[in-house]
Amino acid sequence: MLRYVLARVVLVLPTLWAVATLIFLLVRVIPGDIVELRLVSGGAYVTREVIQQERVRLGLDKPLWAQYGDWIAGLARLDLGTSMWTGAPVSREIAIRLELSLQLALMATVVAVSLAIPLGVWAAVRRGTWADHLVQVFSVAGLATPSFWLGILLLLFLLSVFRWLPPMTFTPLWRDPVANLSQLIWPALAVGYRYSAVATRMTRSAMLEVLREDYVRTAWAKGLAERAVVLRHALRNALLPVVTVIGLEFAFLIGGLVVTEQVFNLNGVGKLFVDAIARRDYTLIQGLMLLVASAYVLVNVLLDLLYARLDPRIRYA
Amino acid sequence: MTGRPDALAARVWLSAARPRTGGRLMRFARRYPLAVAGGGFLVLLVLAAVLAPWIAPYDPLANDYLSMFSPPSSRHWLGTDSFGRDILSRLIFGARTALLVGLSASVAGATVGALVGVASAYFGGTVDLVIQRITDILVSFPLIVLAMAMVAILGSGTANLVVAIALSFAPRAELVVRSSALQVRHTTYVEAARAIGAGPWRIILRHMLPNVLAPYLVMLTAFLGQAILLEASLSFLGLGVAEPTPAWGLMLSGAAVDFVQKAPWMAVFPGLAITLTVLAFNVLGDALRDALDPRLRV
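Protein chains in written order, with the working numbering: chain A, 1 to 317; chain B, 1001 to 1298.
None of these hints come from the bench; they were simulated from the model.
Pairwise CB distance ranges, derived in the manner of DEER restraints:
1) B:E1191 to A:L6: 40 to 48 Å
2) B:L1292 to A:L60: 48 to 56 Å
3) A:R175 to B:F1028: 57 to 65 Å
4) B:N1063 to A:R77: 49 to 57 Å
5) B:V1043 to A:V110: 36 to 44 Å
SDA-like, lysine to any residue: derived pairs with alpha carbons at most 20 Å apart:
6) B:K1262 to A:V161
7) A:K62 to A:T21
8) B:K1262 to A:L153
9) B:K1262 to B:S1073
10) B:K1262 to A:W164
11) B:K1262 to A:L156
12) B:K1262 to A:R163
13) A:K62 to A:Q52
14) A:K62 to A:I72
15) B:K1262 to A:L165
16) B:K1262 to A:P166
17) B:K1262 to A:S160
18) B:K1262 to A:L154
19) B:K1262 to A:N265
20) B:K1262 to A:F162
21) B:K1262 to A:L159
Anything over 10 Å on all C-beta distances counts as not near chain A; from chain B, calculated:
22) G1023
23) L1044
24) V1184
25) P1200
26) N1211
27) T1245
These numbers come from a predicted model, not from an experiment.
Even glycine gets a Cβ: it sits at the ideal position worked out from N, Cα and C.
Full structure from sequences and hints, please.
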């Protein structure tokens, strides 16, 4: 087991290096020039020397390979560079917003899981009935509904029914849980519903497969209660693919956050990304993309380790 | 009814085994009623988009400051927005944007992905390895993150938006098509084509590509809904279609959120248009996937 874990973890570094290289290449082919965008976009008159000075300050005058070297060398020291727009370290820009986004992502995952597993199990057990069809329509609709529109509808609902809007400023959970949750529960619902759709389908199909197994028939034959058969014998064995989907969706949650944070005016990582794109902030875009990709790589490793823990057949394969 | 019952039986058997197209369509309709509803909705949508200048009651760009924020009425069926523009007319013209961007981005993305996937499978070795590593990394980004990065690279505007969405789809199509192409690669007819001296691109285009049509179509239909959703999201964020072009996602940004209580129709109808269209494409795509190849799941 230890060897498996080590082998899996050691492989992360070259993967991340390749990811960082690809991100650098991707971002640096951007034709727009941050210096010109920043100095000239206001219509101000700027001399060539000033632009050149700014380029030197940002390190944009160096050849591409030197910039690449700086980026990789910085990463090795866990340094993501400084934002080209605000001048603050990229890691700081991300860190001050990560708490909000991470909490939102976790809450959305909780929403998604608590919708997906009961609904998926229910649909599978009552296969072909109106309950099954209802769940399927609910999850297909979830994939089609834009989470930002759902967010707007939630705001409309709160305004017209309670004449109330969630608080505008972020309060950390440990300082005032009520204020914190009353702000974040709404975007979590909007994102969570969308993300529950795939997990619901996966739960349903995994359950249908397991319910056909011999040991489930044995459990029925022993005269066990439906509850015991479904929850203890079937669900536990159907969970592996469901966990995979939920894990991967968690890594992809940033995609949902990008639009939802905009609707609820939350100053999180998603909003930072939109701003970074609009400002052509190369270093910030690079840092954020690396964050997103690392989350995915990390979740994959954790899932592999979890499999090995849950299913001994994988460990010895 | 004399004589040759076996011939009659054979005839009945043949006609049952090879139903006419009409019969096949009917069977599809009976098996997937939701898909038929979705298809019907899409036909109406396409008609509305094509006939937009003739059926839209107002000019979608005409400001009318005397009737800003009018609620739905007999004059403006779905109300007006913060510039007094008719929402229904903007929705009808917005269908053009959504369908145009959705279709072209999906076709372009699936085609580029399929070409690269088949080529990667054909050449194998180092080429395949490098392409696969790059694909693996690109699929580790959520679609919208990739599309946003592409928009940053290409700049905003409708044409760039199409390219950005297409390029973010391509790696996903590449993965699926390549795995099918790997099987095709080792078939006898590819071997035969090589034996008679066909060049690599001839084999890829004429012999392999037509045989990965099923996964290609499945990916394509799966992309359509997502492309419309992506276009709406990017336009909503201000990174896609720009004002004053009518686009559903754009109609949801700015005033629609700020005045959501005063003029809820501004936010409700465009969102409904997006949801219904994506839903229609998704149920149709799911049914087509089932019918074409039940083993493929996206």
